[in-house]
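In order, the protein sequences belong to chains A and B.
If you read the first sequence in our numbering, its first letter stands for residue 264, the second for the next number, and so on.
If you read the second sequence in our numbering, its first letter stands for residue 417, the second for the next number, and so on.
If you're looking for bench data, these hints aren't it; they were derived computationally from the structure.
One thing to keep in mind: the hints can contain errors.
[To be verified] In the SDA-like style, the derived pairs of lysine to any residue whose C-alpha atoms are separated by at most 25 Å in a straight line are:
#1 A/Lys317 / A/Ser338
#2 A/Lys317 / A/Ala280
#3 A/Lys360 / B/Val428
#4 B/Lys427 / A/Ile307
#5 A/Lys360 / B/Asp454
#6 A/Lys365 / A/Asn287
#7 B/Lys473 / A/Ser338
#8 A/Lys360 / B/Gln422
Listed below are the residues making up each chain.
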Amino acid sequence: GIQVEQSPPDLILQEGANSTLRCNFSDSVNNLQWFHQNPWGQLINLFYIPSGTKQNGRLSATTVATERYSLLYISSSQTTDSGVYFCAVEVTGANSKLTFGKGITLSVRP
Amino acid sequence: DAGITQSPRHKVTETGTPVTLRCHQTENHRYMYWYRQDPGHGLRLIHYSYGVKDTDKGEVSDGYSVSRSKTEDFLLTLESATSSQTSVYFCAISPRDYGYTFGSGTRLTVV
Numbered sequence: 264g265i266q267v268e269q270s271p272p273d274l275i276l277q278e279g280a281n282s283t284l285r286c287n288f289s290d291s292v293n294n295l296q297w298f299h300q301n302p303w304g305q306l307i308n309l310f311y312i313p314s315g316t317k318q319n320g321r322l323s324a325t326t327v328a329t330e331r332y333s334l335l336y337i338s339s340s341q342t343t344d345s346g347v348y349f350c351a352v353e354v355t356g357a358n359s360k361l362t363f364g365k366g367i368t369l370s371v372r373p
Numbered sequence: 417d418a419g420i421t422q423s424p425r426h427k428v429t430e431t432g433t434p435v436t437l438r439c440h441q442t443e444n445h446r447y448m449y450w451y452r453q454d455p456g457h458g459l460r461l462i463h464y465s466y467g468v469k470d471t472d473k474g475e476v477s478d479g480y481s482v483s484r485s486k487t488e489d490f491l492l493t494l495e496s497a498t499s500s501q502t503s504v505y506f507c508a509i510s511p512r513d514y515g516y517t518f519g520s521g522t523r524l525t526v527v
């Protein structure tokens, strides 16, 4: 099956810093999503981004499908950004099933 | 909020008993999914549904069955619960070619 690798596995930031989270995948995909799991366990969809670039406030994401990677940018980080960030992909033809990476744990310190 | 609810939110059950978890949506989405989340494994797909009475297995389906008799409800059954099925279970919904929306999760403990 498809391999989804996220890096770095853990990240500690000072409030106000910027960061880049990376997702590499091993096969062609037609669906890529980024999620944030907050410290209370809730999973929130950040971006549906099979290709191109999107921005939502302080967050933006870029997927280069031909090179099989996606990046999530967090600018001016806040303590509320803490949690786990997951990348998930759907292999082309996989009937809308997402495969998740193991996640990146982000801690933003005040 | 997003129109997806899971019940129960927490459950403790004994080894060998059957357990059913419910996912209910008000969005009329075609696709529904059950995932489990365990430390070190991220989220893994158990079963999914692409329509009423249309279901298929995911990567960790052994010991689980599902049913979808109407669009809004997707049930996950542990036929005979084991300690290895202690986990947090998430349901998700999606229209085709759009982002997933997850429920709040069910924390299941099998003792």
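Comparing the hints with the structure gives:
no.	hint	in the structure
1	A/Lys317 / A/Ser338	holds (14 Å)
2	A/Lys317 / A/Ala280	holds (20 Å)
3	A/Lys360 / B/Val428	violated (29 Å)
4	B/Lys427 / A/Ile307	holds (23 Å)
5	A/Lys360 / B/Asp454	holds (19 Å)
6	A/Lys365 / A/Asn287	holds (12 Å)
7	B/Lys473 / A/Ser338	violated (39 Å)
8	A/Lys360 / B/Gln422	holds (20 Å)
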